[in-house]
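There are 2 protein chains.
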Amino acid sequence: MPDHTRPPDKRATIYDVAAEADVSPSTVSRAFSRPSRVNSETAERIRRVAERLGYRTNPLARALTTSRTHMIALVIADITNPVYAEIVRGAQATAMNDEYTTLLIDAQESDRLERTAIERTMPTVDGIVLASSRISDSAIRMFAKQRPVVVLNRAIADVPCVVTDNPRGVRRAAEHLGELGHDHITYVAGPQASWPNGIRWRSLLEAGMELEIKVRQIGPFSPTIEGGERAAEELRSRPATAVLAFNDQMAIGLIRGLTRMGVDVPGDVSIVGFDNILAADIVTPGLTTVAAPLYAEGSAATRHLLSMIEGAPGHTGRPMVLPVRLVVRHSTAVRNLRPGRARPPGVRQRPTTTPAVHLS
Amino acid sequence: MPDHTRPPDKRATIYDVAAEADVSPSTVSRAFSRPSRVNSETAERIRRVAERLGYRTNPLARALTTSRTHMIALVIADITNPVYAEIVRGAQATAMNDEYTTLLIDAQESDRLERTAIERTMPTVDGIVLASSRISDSAIRMFAKQRPVVVLNRAIADVPCVVTDNPRGVRRAAEHLGELGHDHITYVAGPQASWPNGIRWRSLLEAGMELEIKVRQIGPFSPTIEGGERAAEELRSRPATAVLAFNDQMAIGLIRGLTRMGVDVPGDVSIVGFDNILAADIVTPGLTTVAAPLYAEGSAATRHLLSMIEGAPGHTGRPMVLPVRLVVRHSTAVRNLRPGRARPPGVRQRPTTTPAVHLS
DNA sequence: CAATACATGGCAACCCGTTGCCGTTGCGGC
DNA sequence: GCCGCAACGGCAACGGGTTGCCATGTATTG
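Top to bottom, those sequences are chains A and B.
Using my numbering, you'd call the opening residue of the first sequence number 227 and step up by one each time.
Using my numbering, you'd call the opening residue of the second sequence number 227 and step up by one each time.
Hints may be right or wrong, so weigh each one.
So the derived label-pair ranges between C-beta atoms look like this [as the list claims (entries may be wrong)]:
1. A/Glu452 to B/Lys371: 42 to 48 Å
2. A/Gly424 to B/Ser533: 22 to 28 Å
3. A/Ala287 to B/Ser533: 25 to 31 Å
4. A/Glu536 to B/Gly537: 38 to 44 Å
5. A/Glu270 to B/Asn323: 34 to 40 Å
6. B/Gln443 to A/Arg237: 42 to 48 Å
7. A/Asp363 to B/Glu277: 24 to 30 Å
8. A/Gly407 to B/Lys440: 33 to 39 Å
9. A/Glu536 to B/Gly280: 43 to 49 Å
10. B/Gly424 to A/Gly407: 52 to 58 Å
11. B/Gly280 to A/Arg263: 43 to 49 Å
12. A/Arg237 to B/Ser262: 53 to 59 Å
It is worth saying that the hints were derived from the structure and are not from the lab.
No residue lacks a Cβ here, since even glycine has one placed at the ideal position from N, Cα and C.
Let the hints inform the model, and build the full structure from the sequences given.
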């Protein structure tokens, strides 16, 4: 009779299984963690006993020795922002695929919150994906020294990064507006701590040079619908005919604000957003926007992180960049040369929601 | 000279601190976990040494003995659905307040996925909040035997629950439609596995009895915009003048589908949704909907869970119910008595986005 | 048939804290 | 001066696996 017993309400351990299967605990351990190391018949027997006893290996105990928890953290700037939903999906799916659990952290656009959350989480995870982090480069590098880190939507030297092709997206948007006759584009800026905000503006500057389109910037505003509405206010005193907004929420806020003020979109002002969130297709007029491969972002970043955890070198020199595309809907139109008057022919006033056109 | 040394790249442990501070490891442990148990000067010295060595207590090792990880899981049905964003916020905030970390799991509306995710997560968390779970009552009861569980948006006997006042919400919607002259309401059903779906329909049946309004149900449809569009198709062959949709996404899909088919909302058909998501205020016409206190839901469920983890009794007999309110926008109007013809006076055709009216 | 290699399984140390229990010390009370 | 008690700190046994190393038995090789 085995000398090891347990109160029946507690979970079975390898010791219980070992006693039942008449082997040593180490053999049970190996039967699960490296089956090749044990005779296949023995392993089978152990597995059967384990099944019967309802044994599950305790991930905490395992983590204690291996220092691998099989958990990764995904830190996002703002869970309220729908772009992260697909990113989270992509990340979760690839993590789950490798039997990793994802720990989601919402930083609520707060530098301080983000930092403390990371500090608290760090010791229990094998690696971290920082999506649109708001903390400083140096702080991120600090974290990257302790655990594998992949940064999403931001480029930092010496840390592996995944970004979307912002320059190209901005360029496509500028070309599109240029083709519609616009020779001046106003960029409505989002949070200054946001890396995409910076690169989008710089990309617009550059595109403006090459395409001979004048550009200017207003803001920063909060990256929300309200932020866009405030920007619309400001546009009142500094009118524009073409606007590129930091993201779709702001673009939607702009549409609402301008419409309320009696300005017609796209008749008087063309508006382009960023991200192609669901609401971009719901708002009237449908929002022309630069679409990012969100699911792929989450997935790529996670895959990279997992390979680092498995011991891959990690830093690849340059950031990995994912392609974007311009989705043309109805918030952009030929420039109205006589402001406030009749519109040029061919521009619909009340666009219905027809299938959007996807370019490049 | 202390006999305990460590490679400088590894994190300091209580043993390192103990050696430096010239006390035993247990004293170090106590200095952190129950400071009253050790002399305040000693504790202070230990704390200083720990600080200098950069010591942080390893949560995994602690969890191994205390079987408390200070993590809770929050399982949501679909991260793509914006209602969960605020619920997550509420949950995270109250968890963080008590120094708990939240592990978010997206079940992607899949019974199987949800179950396996829970099984995998269970051993590493102190408790679970199931928000809009799609798994069976009995499965939930099984889980509830192993760990504290709180169920959100669903009522199950013997398991603590937090729900919103669906009957009242439906009642308010029905009253509102009744006042507008509607004597027939069509309920557009969501997922059959969804508990709110069932209670909303039953509540409508009941409200219909009392208010002398005829009701019927079509569906089920997927709880998405596409689902709503498909429902609009079906409505073509079985017309309605007033529709209550399972949620806002479906309501928005209905508006789009009907509008595309040339049916005027709210002129020909009035539509009411559920949840008051952001897009409800963006769509044209603005959606009349039953708003739930999302943040409070997440927060209440989490608070209840935490108190159970701390040893509170848990099951309170009846579910905790949170109040709802009807947000009236522009998707509902006086019933059009001559279908397909001129509309009764006083009903706007192109509602602009004016501030919504909040009732009760 | 001896020598060697490989497949298996056990022993015991280790991961890093936690905690029940006991020993020591100092102090107040009688 | 003796006793009892409280405060403090250490010992050692956990918690549940993992893994380096060794012992045994069997198969392979020359």
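A quick look at each hint next to the structure:
1. A/Glu452 to B/Lys371: 42 to 48 Å: The hint (42 to 48 Å, Cβ to Cβ) holds, given that A/Glu452 and B/Lys371 are roughly 46 Å apart.
2. A/Gly424 to B/Ser533: 22 to 28 Å: Roughly 45 Å apart at Cβ, these two residues miss the hinted range, so it is violated.
3. A/Ala287 to B/Ser533: 25 to 31 Å: Between A/Ala287 and B/Ser533, where Cβ atoms are some 28 Å apart, the hint holds.
4. A/Glu536 to B/Gly537: 38 to 44 Å: Cβ of A/Glu536 to Cβ of B/Gly537: about 41 Å, so the range 38 to 44 Å holds.
5. A/Glu270 to B/Asn323: 34 to 40 Å: Given a distance of about 49 Å, which is not inside 34 to 40 Å, the answer is violated.
6. B/Gln443 to A/Arg237: 42 to 48 Å: holds (45 Å)
7. A/Asp363 to B/Glu277: 24 to 30 Å: holds (26 Å)
8. A/Gly407 to B/Lys440: 33 to 39 Å: Since the Cβ atoms of A/Gly407 and B/Lys440 sit about 55 Å apart, the hinted range of 33 to 39 Å is violated.
9. A/Glu536 to B/Gly280: 43 to 49 Å: violated (27 Å)
10. B/Gly424 to A/Gly407: 52 to 58 Å: With Cβ atoms ~55 Å apart, the hint holds.
11. B/Gly280 to A/Arg263: 43 to 49 Å: 37 Å Cβ-Cβ, so the 43 to 49 Å window is violated.
12. A/Arg237 to B/Ser262: 53 to 59 Å: violated (32 Å)
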